[in-house]
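K.L.:
Sequence:
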Amino acid sequence: DDPVLLTGCGHSFCRGCAEACRARGCPICRVPVKDGALVSNVVVRSLVEEMCSKDKQVIFSHLHFQRCLHKSSRTTVHLAEYHGELVAVKRMSGTDCDDSQQRLQAEAAALSEVGVHPHLPAYLGSCEDDQGQTVL
Numbered sequence: 853d854d855p856v857l858l859t860g861c862g863h864s865f866c867r868g869c870a871e872a873c874r875a876r877g878c879p880i881c882r883v884p885v886k887d888g889a890l891v892s893n894v895v896v897r898s899l900v901e902e903m904c905s906k907d908k909q910v911i912f913s914h915l916h917f918q919r920c921l922h923k924s925s926r927t928t929v930h931l932a933e934y935h936g937e938l939v940a941v942k943r944m945s946g947t948d949c950d951d952s953q954q955r956l957q958a959e960a961a962a963l964s965e966v967g968v969h970p971h972l973p974a975y976l977g978s979c980e981d982d983q984g985q986t987v988l
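Note that the working numbering has the sequence shown beginning at 853, numbered continuously upward.
Hints were generated in silico from the structure; no laboratory data involved.
We put the CB at the ideal spot given by N, CA and C, even for glycine.
Worth double-checking, as some hints may not be accurate.
Stated by the list, open to error - FRET-style restraints, in silico, Cβ to Cβ:
1. Arg874 <-> Gln918: 28 to 38 Å
2. Asp854 <-> Ile880: 11 to 21 Å
3. Asp854 <-> Ile911: 25 to 35 Å
4. Arg919 <-> Ala872: 22 to 32 Å
5. Phe912 <-> Gly888: 41 to 51 Å
Sequences are here, hints too, so could you generate the full structure?
P.N.:
Okay, structure coming up:
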């Protein structure tokens, strides 16, 4: 999603999150989100593009899986340890892996750079598991 700035308060979010919070106001400060209050944030967009151009490779054998957090037909999310830190690991299967990886990278980079999404960890990188599935 396109990173946007809420003109009423100056906080930044992805467009999807900003649209979803219109009725409740800004998730951080609760300032109302008025029509026309979402402006593309070119600074965050350039940071996202820079981060996405530098895909980091995670070493799959260094991930120590602890438990499954969520499972669907296309993805499985696990809690794992990576170099002493707890991380969420998303395993994807199917033909839309590359597109999903790029979208996740862009959103994670944008939100972690501006520091406005308290529940989003930094994007570590990607790798393939021993069965050829993409792991984020």
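K.L.:
Does the hinted range 25 to 35 Å hold for aspartate 854 and isoleucine 911 at CB?
P.N.:
32 Å, holds
K.L.:
Arginine 874 and glutamine 918, beta-carbon distance inside 28 to 38 Å?
P.N.:
At roughly 37 Å between Cβ atoms, glutamine 918 and arginine 874 fall inside 28 to 38 Å, so the hint holds.
K.L.:
Look at the Cβ atoms of phenylalanine 912 and glycine 888 and judge whether their distance stays inside 41 to 51 Å.
P.N.:
46 Å, holds
K.L.:
Taking the CB of aspartate 854 and the CB of isoleucine 880, does the distance hold inside 11 to 21 Å?
P.N.:
19 Å, holds
K.L.:
Please check whether arginine 919 and alanine 872 have a Cβ separation lying inside 22 to 32 Å.
P.N.:
Hint holds: Cβ distance 28 Å, inside 22 to 32 Å.
The structure shown violates none of the earlier numbered hints.
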